[in-house]
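Peer 1: Okay, here's what each chain looks like letter by letter:
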Amino acid sequence: MSALQVFRKGLVVGREDFRAFWNLRTWLSAWMLRIGTGALLWVLVGRMLGSEEKLAYLLIGNAVIAGPIAVGMVIPASTWDRWESTYPLLVVSPSSMVPAQLGRTAIWWLHGVGTSLATFALLGLCFGLALPPRAILLLPLIAVVCASTHAFALTLGGLVNRVPPLRNVLQNSVMPLLMAVCGVSVPVSFWPPWLQLTAQVLPVTHGLSAVRTLLAGGALPEVAEQGALELLVGVSWLATAAFTIDWLANQGRADGSIELT
Amino acid sequence: MLAVETKELSRSYAGRERGTQVRALDGLSLHIHEGEVFGLLGPNGAGKTTLVKLLSTVLLPTSGSAAVLGNDVVRETAAVRRQIGIVFGGDRGLYPNLTARQNLEYWAALSLVPAREAPARIDALLARVGLHERAQQLVQGYSRGMKQRLHLARGLVGNARVLFLDEPTIGMDPLAARDFRGLVRELRGEGRTILLTTHDMSEAEAVCDRVALIDHGRLLALETPRTLAQLIARNERVDVDGIGEALVQRVRSLPGVSTVRSLAESSSYRIEFADGQAMNAVLSVLVAAGINSIRTSRPNLEEVYLHVIGDRGLRV
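Going down the list, the protein sequences come from chains U and G.
To convert, note that position 221 of the first sequence is 221 in the working numbering; the numbers rise steadily by one, no gaps.
To convert, note that position 273 of the second sequence is 273 in the working numbering; the numbers rise steadily by one, no gaps.
Careful, some of the hints might be misleading.
Across the chosen pairs, the derived CB separations fall in these ranges [unchecked claim]:
1. Arg144(G) with Thr26(U): 29 to 35 Å
2. Arg218(G) with Ala180(U): 55 to 61 Å
3. Arg116(G) with Asn172(U): 40 to 46 Å
None of these hints come from the bench; they were simulated from the model.
Remember, it's a predicted structure, so these values are computed and weren't measured experimentally.
Note that CB positions come from ideal geometry on N, CA and C, so glycine has one too.
Input sequences plus hints: build the corresponding full structure.
Peer 2: Below is the structure:
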């Protein structure tokens, strides 16, 4: 119960973090303009190639990845307690840091889900993508993709807490890497076998595959299976994050890298 | 029961030059009793904050041991964390985008305060530190003194039995600092143990039961503020007006007199003693010479501090 309580109060901290960046108007205009134009660029490549199939591939891939890109904010957000000097207080609080970090950064999961769905709507409108009734399942699938990315980013956030100045470098390196290898603009099969294998344990790969199957009219059990794989990847990353956040804090106790102010 | 006990506690860090080690704390042994306000004085880099970090489980010792309320800070970390609160000075350590109440609600949850008890406890703490009427205001709009009071409330929200106050009044205006010290006295009255690190001698004198002077990670002296003052000038020093150079030389030559120096911006001289028995002889000489403006005084903690630390003063 105490972990749930910490998580709930952490949500409030995250909500106010988010408000410091965006309100509804700036989110819809500035943020969506930035994400929408980035995705549009890729989809226009599909149009230039003159293939409806490639256009649909790029549209779906880039609409889905818009969410994880937004969720990537979890990486720098995980270090904000360092800057606010609340990190040592979290380390020595009787509660685990995991629910606190999870709660504080959960707002970026919501941000990701909203971003992905809005990008789908924007690109679908621009390119006349007809969504079947079963497209309602996009919501849970994208929620799972963003959740697994959240867990992955939390793990990286725990690591970058050891070297906070690298927070933005890591965010800006990892997110394009996910775009490249997880089947967003080129199929996973394009890459050498070792990278294909790596993609299987990264977030997005299975969830995006489920979305493609869903919108291509594939069998729902297959969609569910791919969605479940994405969920499994997410749970694995969450377990890794839970271990690394507290473990790395203890490493900081040993090497003296945690300052009181 | 001892609130804090350290035995030969040491902590080293890797130095800037490869392969070198810096000893931030060097075999420190201390006993702090329950309900005591214990002051820790020393210049920057003396090891004060390192000690607070070790006792509050932010840092692991290199050697030696430390226990808080009987719980070892390395082996029984969870038990220690349930009993302590940390308050440090300055603007940081709070969430500026949250209100005071939201800050305390978060820290109450982290301190495992039952959800049903938290609202009443937070109300009481906000009232106690005088922030009840500003509880819904964002912390980013608070003054330094208000933030410091909120820091104290945060440190108390888990009902800590041992409080570590790391230079809590730094940057506060004198009135706010005085109010803060009043709160510290109240906490002592409740039986809480307080370890206070400070540069401010008057603060240590005002609130501490005992004071330790440390430098280079070592304990130099450990006494009550008053006894500590007596460490250096076991005999009171004498300030005297209107004595000529010849008399100054004569007093200087008396056995047991350590220094005779002119006080800045006055015609007075201060006479200090290496031997407590020398004062009577000096007073006799001065009176016989017809000097009738003679004052005796005790050193304050600042003077003790400067004497014990030596000419290193406040340099890092």
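Peer 1: Now look at each hint and say whether the structure bears it out.
Peer 2: Taking the hints in turn, this is what the structure says about them:
no. : hint                                 : verdict
1   : Arg144(G) with Thr26(U): 29 to 35 Å  : holds, 32 Å
2   : Arg218(G) with Ala180(U): 55 to 61 Å : holds, 56 Å
3   : Arg116(G) with Asn172(U): 40 to 46 Å : holds, 45 Å
Comparing the model with each numbered hint stated earlier shows that all of them hold.
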